[in-house]
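Same order as they appear, the protein sequences are chains F and S.
Using the working numbering, read the first sequence as starting at 1 and increasing by one per residue.
Using the working numbering, read the second sequence as starting at 686 and increasing by one per residue.
Keep in mind that the hints are not guaranteed to be accurate.
[To be verified] Computed Cβ-Cβ distance ranges for the label pairs, DEER-style:
id : chain 1 : residue 1 : chain 2 : residue 2 : range
1  : F       : LYS560    : S       : ASP926    : 34 to 42 Å
2  : S       : SER786    : F       : THR523    : 22 to 30 Å
3  : F       : THR523    : S       : ASP800    : 29 to 37 Å
4  : F       : PRO526    : S       : ASP779    : 55 to 63 Å
[As the list claims (entries may be wrong)] Short, incomplete list of chain F residues facing chain S, as computed with Cβ under 8 Å:
id : residue
5  : THR49
6  : VAL347
7  : THR371
8  : LEU376
9  : PHE579
Simulated from the structure, these hints should not be mistaken for lab results.
We put the CB at the ideal spot given by N, CA and C, even for glycine.
The primary structure of each chain is shown beneath.
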Amino acid sequence: MVISYNWLKELIAIDWSAQELAKRLTMAGIEIDRVTEEDGDFILEADLTPNRGDILGMVNVAHEVAGLSGAALTLPQANVQENDEKIEDYIHVTIEEPDLCARYTARLIKNVKIGPSPEWMQTKLLHSGIRPINNVVDITNYVMLETNQPLHAFDYDFLKTKQIIVRRAKNGEKFTTLDGVERALDPNDLVISDGPDCAVALAGVMGGLDSEIHDDTVNVLLESAVFNGYNVRKTSRRLALRSESSIRYEKGCDVHHADYVSNRAAGLLQELAGGEVVGGIFDAYPRKKENVTVKIRPARVNQLLGLQLSDEEITVCLERLGMTVTPTEGGYSVQVPSWRADIEMEVDLIEEVARIYGYDRIPATLPSGKTTVGQLTPWQSFVDQVREYMSQSMLETINYSFIHPKSWDDLRLTPDSPYRNCVQIANPLSEEQSVMRTMLLPGLLNAAARNLARQNESVLLYEIGRVFYPTQEENVVREKVSLGGVIAGKLGANWLKLDGTLDFYFLKGVLDVLFAHLGVEITYEPTGAYPSLHPGRSAQLCAEGKILGVIGEIHPHVQKNFGLKDRVCVFELNLENLFALYNNRTTTQRFSRFPMVSRDLAVLVKEDMEVGRILNRVRQLDLPYLIQSRVFDVYVGEQVETGQKSVALNFVFQAPDRTLTDTEIAEYMQQIVVELQKTLHATVR
Amino acid sequence: MLDKLERIKKQAEAAITHMQQVEEVQDLRVKLLGRKGELTAILRGIKDLSNEEKAKVGKRSNEVKKDIESLLDAKLEELKTQALDAKLQAEKMDVTLPGRSLVYGAKHPLTIVTDDVKRIFLGMGFTVTEGPEIELDYYNFEALNLPKNHPARDMQDSFYINEQMLLRTQTSPVQVRTMEKMTPNLPVKIIAPGKVYRKDDDATHSPMFHQIEGLMLDEKISFADLKGILMLFVQKIFGEDVKTRYRPSYFPFTEPSVEMDISCVHCKGAGCRVCKGTGWLEILGAGMVNPKVLVYGGYDPEKVTGFAFGMGVERVAMLRYGINDLRLFYDNDKRFLQQF
């Protein structure tokens, strides 16, 4: 919306510069984005909040400035000389839909002479971004800019029935708007109809091509009406047809002064187009709207704002804005001006007081009240901790919560996979972002692929985020918090000749550290059950008999589907389940001061035996003083029979209260050997 | 005897001065002070001397013995130090070569900013709350005084799941959810960080972004308190010298509503490209909780007042780190993420 500085100065006696005006308006909530100079005038571009549609009329801008400055207003007068005829003899108006049209006024101006409008009017229109056309059309536009009330001028002689009917469009009704485009209407659209059948305007949006003002128009029927803003918006959106008129109706027009506006325009038509005004206004106004009166209590104003204003300071603010303030029990009764439809409650008036007084003049204080402790819940600090640990070695990412539905196929999920059952967005931006993720993996894999494609030779990415599942209950979606990660590529050559492959064991190492930090014991159960993963390189993360998540190398097909060239390892687990296991340490274990004894053992087992089973067997023996078991070598090759492998283990023993004897240790080692021989057919090497 | 003692001492002193090896020191110690050592022999012979000589020789020989021992000890210490120094020299490493740890991670910048905001408000006695990302229309709009057909709904083009459910367009629904849970307890002091979604995707809009909502309710909370808390907050996050200004604004769920600007962090208010020449940056929207919203939340607006605020996390992060492209936050390029 643009405000002409010169025009405004005709309406209110301010001595502020255009820059000062812009600043004052901005600080009062009417944000001026830009001030530009245009042949002797300044144009202020305003960015309006949706509650202040009234500012689209210059008179209302002047009221606002009066509130801020206290300067005197000069409001435009409606001077009409009516002839002796009666409007009822020329036209009749019927509103069929009072919900969609609150008021419809019609006036007739006869014998106008179409020509250009005066220069001063053309200048004002141009400075407001409207192209001058002819005196009649220009007057309707000018008065609209002045009052915020859209007007429409029909060529009266084109109307055949002299019956205006405000009705819903018929299904499929065709109508050609004055931009020359034929439009198909439906019953949600409101039309102004000449008799029951012939639409002559799309109510509040645009007039019709046939009934518009032509160079040879003689008699003008002037419409000043108020239509339902929501309905106007729906029609204008559906037809992608926004006009100066529709914008104003959307934001709301002042139903009270539709007749004043009609008179104002009629007066100008008489003065500038030589018209003769027929006596009276046909005013269809089925449900008269009462003025709004709101009570305000000074004590409440001061309490809510944190000020100590006197009653007078408060009432002056309101009166300057055009409100009528009268004392009443416990405060004041305020009659709200009809153009301020945004004011309904006491707080709305309090905001007006604050705006006019100036937000910046309100002091900054700190609340007094009960002291509260600000702390995170155990769950929140757990999540923060996980993030802290993960960020030691991996980069945190944030991926979109919505993904492409083809991701499920790309991941080779079985048709009955529960992960395919996802929440769908009814109106997505694109298919690519049309379903809510049930896992983090697709986003992470895409991020990894993007990085590798950009020559980032190694990626270690993780994410903590929500995943979404529909439930049996209506309108209930289960949101779970997931932790997922992806590693790919190589760390690159290093002078230490360390193995930089980002493989399964690397990722497992990252998780081992995380679990150790959290005090959670997780076991890795080999699995071939995930079609997304390499059947021989994947495991379920288990604890207390529950599956928490999965880790593995992705299947070569999946790798291809996501455009990944190298092997990629991933994991994903449910963070809430991990939290349930989380041991927030409240005790510490004492450690022994007696010597530790370390023993190595190398055993031969079948090559495909998981080393985890060996360690499990040892653990199940529950040897009293065994404090640590480690694997320090796995060997296949020379000196080991084909189909076998050698596993070298190290055990550490320690008693809390004494030094262990060699005999005892030997006995424990023997127990281990026997157990491994018996259960796993291991032989000591 | 005394002459002999002096000769031994002189010879020993000379020998020790030239010694290069630890072994030489030890050999000399044996030669003089060992069981069969020269000095030992003299000491043993003392008992055969006359009483007068016994005292003289005895005294001197003990002195000589002590002197030689301390010289030997000193030499030994010197040689050991030399040997260690030489060894350390030989073990010299190139400290400019890279270290062994080859991976390092980082938190996402939006996490870092959110954590900072959380910390500041925790310090002021607020707690942290979360709400669902797939929200009911009721909480996202209706209970926030945005009934169906409200024009302000247009400000936020929404992703709908169905008639009643949508991806929340703001973190404000957490306000009403919190009130419902807390009523009638006071005070209510929460912040609610989280993801929000709007149907917008261009250079300056992302269909998913992050907000942090705040809510404080008590018996006598005023607009002045809102200013006090928010001023403290922006000073903590942007620096003590940051200036603030407050412009009236419009949010259906607050009244009065306010837009808070801070002096441009880039030009300190002089006017630059970041602040489009105005010297000010919009940083958060706030206001006194609308009485209608308090009623939805189960509080009596005549007894309870409070304020709410909301800010965009991306906006704060962009200002703090001088990031000029919103899309970098979701692109997840390693070269971006590694910098935090």
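Each hint, compared with the structure:
| no. | hint | verdict |
| --- | --- | --- |
| 1 | LYS560/F with ASP926/S: 34 to 42 Å | violated, 55 Å |
| 2 | SER786/S with THR523/F: 22 to 30 Å | holds, 28 Å |
| 3 | THR523/F with ASP800/S: 29 to 37 Å | holds, 33 Å |
| 4 | PRO526/F with ASP779/S: 55 to 63 Å | violated, 44 Å |
| 5 | THR49 | holds, 4 Å |
| 6 | VAL347 | holds, 4 Å |
| 7 | THR371 | holds, 7 Å |
| 8 | LEU376 | holds, 6 Å |
| 9 | PHE579 | violated, 14 Å |
The structure fails hints 1, 4 and 9 (numbered hints given earlier, in ascending order).
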